[in-house]
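Below, each chain spelled out in residue letters.
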Amino acid sequence: MNQFLRSLTPSQQVAALFLLVFGILVVVSITAFLLSFRQDRGAHGDAWHEELRNFRQLLATSWVMVVVFWLAWAIGDVMATVLFALIAFFALREFISLSPTRRGDHRSLVLAFFVVLPVQFWLVGTRHFDLFSVFIPVYVFLAIPLVSAVSGDTQRFLERNAKLQWGIMVCVFGMSHVPALMLLQFPGRNYEGKQAFLVFFLVMVVQTCMLVQHLVTRKLRKPPSLPEVSQSFNWYPWALGMAVGSIAGGVLSFITPFKPGQALGMAFVACVAGSMGHLVMKALKRDRGVTAWGHRGLSVTGANGLLDRVDALCFAAPIFFHSVRWYFGVDAGVRP
Amino acid sequence: MGLFLLGLIRVLTGAQARWYGCPPKAEQRIYFANHQSHADLVMIWAALPQELRSITRPIAARDYWTKTPLRQWITTAVFNAVYVDRERKEGEDPLQPLVDALASGDSIIIFPEGTRGHGEEPQPFKSGLYTLAQKFPHAVLVPAWIDNIQRVMPKGEVVPVPILCSVTFGAPVRVEAGEERRAFLDRARLAVLALRDV
Chain A
1 MNQFLRSLTP SQQVAALFLL VFGILVVVSI TAFLLSFRQD RGAHGDAWHE
51 ELRNFRQLLA TSWVMVVVFW LAWAIGDVMA TVLFALIAFF ALREFISLSP
101 TRRGDHRSLV LAFFVVLPVQ FWLVGTRHFD LFSVFIPVYV FLAIPLVSAV
151 SGDTQRFLER NAKLQWGIMV CVFGMSHVPA LMLLQFPGRN YEGKQAFLVF
201 FLVMVVQTCM LVQHLVTRKL RKPPSLPEVS QSFNWYPWAL GMAVGSIAGG
251 VLSFITPFKP GQALGMAFVA CVAGSMGHLV MKALKRDRGV TAWGHRGLSV
301 TGANGLLDRV DALCFAAPIF FHSVRWYFGV DAGVRP
Chain B
1001 MGLFLLGLIR VLTGAQARWY GCPPKAEQRI YFANHQSHAD LVMIWAALPQ
1051 ELRSITRPIA ARDYWTKTPL RQWITTAVFN AVYVDRERKE GEDPLQPLVD
1101 ALASGDSIII FPEGTRGHGE EPQPFKSGLY TLAQKFPHAV LVPAWIDNIQ
1151 RVMPKGEVVP VPILCSVTFG APVRVEAGEE RRAFLDRARL AVLALRDV
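First to last, the sequence lines map onto chains A and B. Just so we're aligned, residue 1 is where the first sequence starts under the working numbering, counting upward by one. Just so we're aligned, residue 1001 is where the second sequence starts under the working numbering, counting upward by one.
Honestly, the hints are just simulated from the structure, not real lab data. Heads up, a few of these hints could be off.
The calculated label-pair distances, taken between Cβ atoms and stated as ranges, are [claimed, not checked]:
#: 1; chain 1: A; residue 1: F141; chain 2: B; residue 2: K1025; range: 24 to 34 Å
#: 2; chain 1: A; residue 1: L146; chain 2: B; residue 2: P1023; range: 42 to 52 Å
#: 3; chain 1: A; residue 1: M276; chain 2: B; residue 2: G1002; range: 40 to 50 Å
#: 4; chain 1: A; residue 1: L142; chain 2: B; residue 2: A1194; range: 39 to 49 Å
#: 5; chain 1: B; residue 1: W1019; chain 2: A; residue 2: G289; range: 20 to 30 Å
#: 6; chain 1: B; residue 1: P1023; chain 2: A; residue 2: L25; range: 27 to 37 Å
Away from chain B, derived, C-beta distances all over 12 Å, residues of chain A [said to hold, decoys possible]:
#: 7; residue: L8
#: 8; residue: S99
#: 9; residue: A112
#: 10; residue: R218
#: 11; residue: D287
#: 12; residue: R309
The beta-carbon is built from N, C-alpha and C at its ideal position, and this holds for glycine as well.
Given only the sequences and the hints, what does the whole structure look like? Please build it.
Next up, the structure:
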């Protein structure tokens, strides 16, 4: 089996991976679909059906994410970059909608959406790696408040610009590191054409960590450790999620250029960044007075909660990316 | 072109319709909404379902929407708008185009504040809504609150920014027997305002 997998070309290996994931999803979906036919509420009760409905929603989200990643891989680097640019666009749209802006911010917003976002992803697509990692923290950091200042509105100046810069950092800068992973080069490690695995690895370990944390929290019902921030967050399920996510990373080391120990470490870094990022976003949502970016009952903006799903990734991707670059000294330069 | 415009609006604002108090239904209606931006009529047009869009005509300020050929073309060919003059001319009833549209059986979208507001709350309503309601007692009066649109394109800006907006439709109001003009208009205004916090 292992021999057979190793004999495949890189793109065949990636295709096999997607086939496996799609297969698992199909089996789970069919099972859930058949289970929903069960009518004997006496044995299971309404709570069980409610649980099943929640689970099927989660399943639908997973389907969408897998299809998105499959498309990203299948249509090539350029289109994948465009795809992630679109996700960043919609995430930033949600972020800005729930952060009050003033009229004086209009030009800055135009700059953020129609200049900064395309330029950042263009820099990724054209592999200007040195510029792409400093473009937003250095150049945009000055440009946004400058445009605000020129518009002449100084009321709550720092607060408004901090919000905007923060939104760009999370939604655009963070998200742009996901397609950047696909362009990393690992000379001498026989990893050409397999960079899609790295994205899969990152998403997989972060999602595993979040999912385990979520499930353990619901099972144990421990008192929240940080009640001001989140009604559910507790350090014990978090530590469990961390451990399972890292081990999953170690197990998945065969699809990465890392050795098992290194993969474990990298997965740990990604899990810490992702879950802590999610916690930070929770604090932010509390501040804005919403429980979720797209909670239908509460928000009048009609946000559909995209940011809730990608925020962990937005924080994990840049830290993962730079850890990999720094530790392995890999060059993200021109492809040979 | 209509589809392209609709796609563009969806990408920029989401243009989500929230029906609280009445379902989308093909009866003759007068939608009345708060007015914060010229884009208001575009928003409410995009938020209506396809079937209602073809029988609903928004009103458009003649001076603004006929200024360039593009604007004029959009309002006539895509929105099928009713033009009204914001400046009152001698010997002309500014409501006449609306009366014509209603008489031919279409639904209309009006902004009873008359002009775009600056503040948080809508300005007092003008009397046109009352007059139309008296003339067409069978038309259902549906209040609507357009949220966030002033952030997409404030007065004097050209480029819109992507911010999620929604249109909330509320329970219909009607002129009670013997109700005074001012009392009714204030009640209608409060009905619109109440939708802000739904």
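Verification of the supplied hints:
no. : hint                          : result
1   : A:F141 to B:K1025: 24 to 34 Å : violated, 51 Å
2   : A:L146 to B:P1023: 42 to 52 Å : holds, 49 Å
3   : A:M276 to B:G1002: 40 to 50 Å : holds, 46 Å
4   : A:L142 to B:A1194: 39 to 49 Å : holds, 44 Å
5   : B:W1019 to A:G289: 20 to 30 Å : holds, 24 Å
6   : B:P1023 to A:L25: 27 to 37 Å  : holds, 36 Å
7   : L8                            : holds, 40 Å
8   : S99                           : violated, 10 Å
9   : A112                          : violated, 8 Å
10  : R218                          : holds, 30 Å
11  : D287                          : holds, 19 Å
12  : R309                          : holds, 16 Å
Hint violations for this structure: numbers 1, 8 and 9, all remaining hints satisfied.
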